[in-house]
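Trainee: Sequence:
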Amino acid sequence: MSTHSIINELTGEGIAVAMEQAIIAAEHAFDALATGDFSFSDYSAAVRTAIVGRELWLDGWFARLLYRTGNWRPWLALFLLDPEFIELYAARISGDIVLADRIGRLLWIFAKHVAQSGARTRELREA
88 MSTHSIINEL TGEGIAVAME QAIIAAEHAF DALATGDFSF SDYSAAVRTA
138 IVGRELWLDG WFARLLYRTG NWRPWLALFL LDPEFIELYA ARISGDIVLA
188 DRIGRLLWIF AKHVAQSGAR TRELREA
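Residue numbers (our numbering): 88 to 214.
There may be inaccurate statements among the hints.
Unchecked claim - Label pairs and their in silico Cβ distance ranges:
1) Glu-114 x Asn-158: 35 to 45 Å
2) Thr-98 x Asp-183: 12 to 22 Å
3) Gly-205 x Trp-148: 36 to 46 Å
4) Ile-110 x Glu-210: 39 to 49 Å
5) Asn-158 x Ile-110: 29 to 39 Å
6) Ala-178 x Asp-118: 14 to 24 Å
7) Lys-199 x Trp-144: 20 to 30 Å
As the list claims (entries may be wrong) - Below, a list of computed lysine to any residue pairs in the SDA-like style, where the Cα atoms sit at most 25 Å apart:
8) Lys-199 x Arg-155
9) Lys-199 x Val-185
10) Lys-199 x Leu-175
11) Lys-199 x Pro-161
12) Lys-199 x Phe-172
13) Lys-199 x Gly-147
14) Lys-199 x Glu-142
15) Lys-199 x Tyr-176
16) Lys-199 x Leu-153
17) Lys-199 x Arg-189
18) Lys-199 x Ile-173
19) Lys-199 x Leu-145
20) Lys-199 x Leu-163
21) Lys-199 x Thr-156
22) Lys-199 x Arg-151
23) Lys-199 x Glu-213
24) Lys-199 x Ile-180
These are computed hints drawn from the structure, not numbers from a lab.
Just so it is clear, the structure is predicted and the values come from calculations on it, not from any experiment.
Using N, Cα and C, we set each Cβ at its ideal position, and we do this for glycine too.
I would like the entire structure built from these sequences, with the hints used as guidance.
Mentor: The structure is reproduced here in structure tokens:
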């Protein structure tokens, strides 16, 4: 994922992402006008470390699992059938949490899912 991406690789969403990045861009433009330094040298790092950048990175990682591994069924089963993952993602969408700040819990959920992936993939096929 480019640090300047305005399209979410997982969902295809772009407007909300662009609006979040616009706030960062405006702050940097204001600082540039105030200081006369128009290099924007720290802009990429600011986007990357902001919530929007961290969440885009995470969704890019999810997108690679689903769209680029060639073995998408187990991961789709995780996203659609795992109650813990669904709860976390719903909390993210509602604005209650920053999912990128829950990497430890996500890794635990992923590890449990890998152990159960055969059964979950069958459950997905039956759904």
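Trainee: Hint by hint, note whether the structure agrees.
Mentor: Okay, the hints, checked on the actual structure:
1. Glu-114 x Asn-158: 35 to 45 Å: 41 Å, holds
2. Thr-98 x Asp-183: 12 to 22 Å: Given about 18 Å between the Cβ atoms, the range holds.
3. Gly-205 x Trp-148: 36 to 46 Å: 23 Å, violated
4. Ile-110 x Glu-210: 39 to 49 Å: 41 Å, holds
5. Asn-158 x Ile-110: 29 to 39 Å: 38 Å, holds
6. Ala-178 x Asp-118: 14 to 24 Å: This hint is violated: roughly 33 Å between Cβ atoms.
7. Lys-199 x Trp-144: 20 to 30 Å: Holds, since Lys-199 and Trp-144 (Cβ atoms, about 23 Å apart) stay within the stated range.
8. Lys-199 x Arg-155: The given pair, whose Cα atoms are some 22 Å apart, holds under the 25 Å limit.
9. Lys-199 x Val-185: Satisfied, since the Cα-Cα distance of roughly 21 Å is no more than 25 Å.
10. Lys-199 x Leu-175: The hint holds at about 15 Å.
11. Lys-199 x Pro-161: 12 Å, holds
12. Lys-199 x Phe-172: 11 Å, holds
13. Lys-199 x Gly-147: 21 Å, holds
14. Lys-199 x Glu-142: 22 Å, holds
15. Lys-199 x Tyr-176: 17 Å, holds
16. Lys-199 x Leu-153: 18 Å, holds
17. Lys-199 x Arg-189: At roughly 16 Å apart (the allowed maximum being 25 Å), Arg-189 and Lys-199 satisfy the hint.
18. Lys-199 x Ile-173: Holds - the C-alpha atoms of Ile-173 and Lys-199 are around 14 Å apart, at most 25 Å.
19. Lys-199 x Leu-145: 19 Å, holds
20. Lys-199 x Leu-163: 15 Å, holds
21. Lys-199 x Thr-156: 19 Å, holds
22. Lys-199 x Arg-151: 19 Å, holds
23. Lys-199 x Glu-213: Holds. Lys-199 to Glu-213 sits at ~21 Å (cutoff 25 Å).
24. Lys-199 x Ile-180: The hint holds at about 23 Å.
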